[in-house]
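This is what each chain is made of:
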Amino acid sequence: DTGVSQDPRHKITKRGQNVTFRCDPISEHNRLYWYRQTLGQGPEFLTYFQNEAQLEKSRLLSDRFSAERPKGSFSTLEIQRTEQGDSAMYLCASSNRDGERGNGYTFGSGTRLTVV
Amino acid sequence: KQEVTQIPAALSVPEGENLVLNCSFTDSAIYNLQWFRQDPGKGLTSLLLIQSSQREQTSGRLNASLDKSSGRSTLYIAASQPGDSATYLCAVTIAGTALIFGKGTTLSVSS
Chain A
3 DTGVSQDPRH KITKRGQNVT FRCDPISEHN RLYWYRQTLG QGPEFLTYFQ NEAQLEKSRL
63 LSDRFSAERP KGSFSTLEIQ RTEQGDSAMY LCASSNRDGE RGNGYTFGSG TRLTVV
Chain B
-14 KQEVTQIPAA LSVPEGENLV LNCSFTDSAI YNLQWFRQDP GKGLTSLLLI QSSQREQTSG
46 RLNASLDKSS GRSTLYIAAS QPGDSATYLC AVTIAGTALI FGKGTTLSVS S
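Protein sequence lines correspond, in order, to chains A and B. Residue numbering for the first sequence follows this note's numbering, beginning at 3 and increasing consecutively. Residue numbering for the second sequence follows this note's numbering, beginning at -14 and increasing consecutively.
Because the hints were derived from the structure by calculation, they are not lab data. Please note that the accuracy of each hint is not assured.
Distance windows between CB atoms, simulated [what the hints assert, rightly or not]:
1. B:S44 x A:L57: 24 to 34 Å
2. A:G87 x B:E2: 31 to 41 Å
3. A:D9 x B:G68: 25 to 35 Å
4. A:S64 x B:N3: 36 to 46 Å
5. B:S44 x A:S64: 20 to 30 Å
6. A:D9 x B:A63: 29 to 39 Å
7. B:T82 x A:T78: 17 to 27 Å
Ideal Cβ placement from N, Cα and C applies to all residues, glycine included.
Turn these sequences into a full structure, and let the hints guide you.
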């Protein structure tokens, strides 16, 4: 296994456009997380899935954001009508069910979004 | 609400120096604590994971300790090298939540 993969690595978009990011977790991990990180801050939780079920969403996840994990494998995060404030690094992580008690979390390299 | 604080926010040291990074958390009922490294513009690399029942973990020149009762963890880096320059993030997990991060300590090691 090559770890958690995120695509694309960088995305520049004009304000008002929609963007979609993809995350491929470690294959044996059934939990998948999305985080957002702005400059000088630690990552902030957005949402997480256990298999295909979205179990928790942060209040940071406005109605312009939607995440899916249709078959319990890869996940997509879509941002509609992007705003300049959406510019950030979007990080994906995965863990097994007992990640919080067990082996911890593995992060991908992130997608850097710039909204111009 | 769990809050994680890291001190100092930035640290500059000469090569070869031993150093300590600090992390504190407000809710001691954690499952584990994880230290990550982040290079500029990159994702997070896991360094050490300490379970709530453990006191410390070691990997090479790194040693992390955990004191749940006082809500503190330290990351000790021995014989620092310029390649250690990065931001170090501390994160904890508690029941029913994902990782909660501090803002990180940015370390610069000069040769």
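Going through the hints against the structure:
| no. | hint | in the structure |
| --- | --- | --- |
| 1 | B:S44 x A:L57: 24 to 34 Å | holds, 31 Å |
| 2 | A:G87 x B:E2: 31 to 41 Å | holds, 39 Å |
| 3 | A:D9 x B:G68: 25 to 35 Å | holds, 28 Å |
| 4 | A:S64 x B:N3: 36 to 46 Å | holds, 45 Å |
| 5 | B:S44 x A:S64: 20 to 30 Å | violated, 39 Å |
| 6 | A:D9 x B:A63: 29 to 39 Å | holds, 37 Å |
| 7 | B:T82 x A:T78: 17 to 27 Å | holds, 23 Å |
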